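Chemist: So the chains spell out like this:
There are 2 protein chains.
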Amino acid sequence: MSRRQDRRERRKEEIVSVATEMITTAGIDSFSVNRLAEELELTPGALYRYFDSRDHILAAVELEVLREFDAYFAAFEAQLASEEPLAHIVGLAFAYAALEELRPERFKLLSRFVSGPDPVVSDEAAESVLQPTLELLGRFATAYQAATDAGELDDELALQRAALTWSCVQGVLDRRKLNRFTHDLFDLEALLVDLLASLLVGWGADRAAVEHALTQRPKRAALATLLEPLLEDT
Amino acid sequence: MSRRQDRRERRKEEIVSVATEMITTAGIDSFSVNRLAEELELTPGALYRYFDSRDHILAAVELEVLREFDAYFAAFEAQLASEEPLAHIVGLAFAYAALEELRPERFKLLSRFVSGPDPVVSDEAAESVLQPTLELLGRFATAYQAATDAGELDDELALQRAALTWSCVQGVLDRRKLNRFTHDLFDLEALLVDLLASLLVGWGADRAAVEHALTQRPKRAALATLLEPLLEDT
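If you read the sequences in order, they're chains A and W. The first sequence begins at 10 in the numbering used here and counts up one residue at a time. The second sequence begins at 10 in the numbering used here and counts up one residue at a time.
Treat each hint with caution, since some may be false.
No copy is singled out in the list; a pair is fine if it fits within one copy or between any two copies.
Stated by the list, open to error - Cut-off 30 Å, straight-line C-alpha distance, at most; resulting in silico cross-link-like pairs (DSSO-like, lysine-lysine):
hint, residue 1, residue 2
1, 228, 21
2, 21, 186
3, 21, 117
4, 117, 228
5, 117, 186
To be clear, the hints were calculated from the coordinates, so they are not data collected in a lab. Fair warning: this is a prediction, and the values are worked out from it, not measured in the lab.
Excised from the complex, chain A in its bound form (with noise of 0.2 Å):
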């Protein structure tokens, strides 16, 4: 890379980090290229040199918290103590359901982007992150098919699995919204423990296996400490 290309990639890595930063703050809705361009000391006209428009660099930020969720992901599962199949698949649930409350800001924004009713970008924009999204997918994918490969599970599409997991732990996180009127109206954690227990006896895993994989599953401060030194600018 020449100096000149190295200067731009850092120039771009700042300009993704100072938006993300602008928009976990303040929220996607009050974002806008001028401010980010003030905030950066540029002109909006130099800003547009590096991104095509507004909604580029809104999937470019989406594209950064993938980034940090997914090296967190590889860091949750380099630690994993257990080659149990059922222990990784509950593992990556909790995992992930433990993003909210760590990361809540993040993981707002990600929840918009991918699950939310109305588009946040121009599908042109969105598209650069299809593929991310679609590996943080294939983490579920290869634990539902090392369980199935191990006999644990009946045989079915390991993707379909992954997919509909992710699909329902999000639904349940989606129903902390109700918890503000009526605390504890729901109990997140007993009905993540519930579903996954669920899913997996229905699929055909030994009921007490399940259990004793849910009794392994990962502890909040210690998913917060695996955390730590990847997203220290939070």
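Given chain A, put chain W in place with the hints provided.
Modeler: Frame of chain A; chain W shown alone:
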């Protein structure tokens, strides 16, 4: 009710009906009290004699959507051919899922209120719609209790199962967003079938009985016919 009260009630209904139409057509973000007043040929001041704030109007719109959906579920339950509790549970889940395609704008509005990461209205205004939301959940809970009483499911909290089913169905439907890039990346119907089969078997139901209940699930066209007389205005 005095004639004056009666007129006041009709006026309130008219306001909510026009607000619902504006919001389901143009979205919630562009909704303004001034534009609503203009549409109704009222002064903004007159509007505020009926509703305390923009948030209270939005909450009334959500209540309206919930009432329509509740009438649809009541009509669905009234025509249930089978007394079979598992078929009832499966039916409610698919009847709920069908709303996303049959009444997309209303469904999106409800999703944003109950699941979206950001609050749509103040807690005080939203509190008035908590009860109707829980009533919808109550229909699932009643069906789960009946299945437990009939010995088809093992004994556990029906309300927790209702909450989990609803959350998961909602989570699966939210995957439609990623389908806009790769057509049929996720087969939502297959995911819902897999979800209900796994949850019910996981909760102790006989697999063959669950599969039978799933073959009896309501057809989209039949559900559309149920909706027609209820929501004539869309």
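Chemist: All hints, please: hold or fail.
Modeler: So, going through the hints one by one against the coordinates:
1. Taking the shortest Cα distances, residue 228 and residue 21 never come within 30 Å of each other, neither inside one copy (36 Å) nor across copies (51 Å).
2. In the homo-oligomer, the alpha carbons of residue 21 and residue 186 lie at most 30 Å apart only across protomers (28 Å), although the nearest pairing inside one protomer, at 35 Å, exceeds that limit.
3. Proximity of residue 21 to residue 117 under the C-alpha cut-off of 30 Å is restricted to the intra-copy arrangement: shortest distance 24 Å within a copy versus 35 Å between copies.
4. When the C-alpha separation of residue 117 and residue 228 is checked against a cutoff of 30 Å, the pair qualifies only within one copy, where the shortest distance is 21 Å, while the shortest distance between copies is 35 Å.
5. Proximity of residue 117 to residue 186 under the C-alpha cut-off of 30 Å is found in both arrangements, the shortest distances being 12 Å within a copy and 16 Å between copies.
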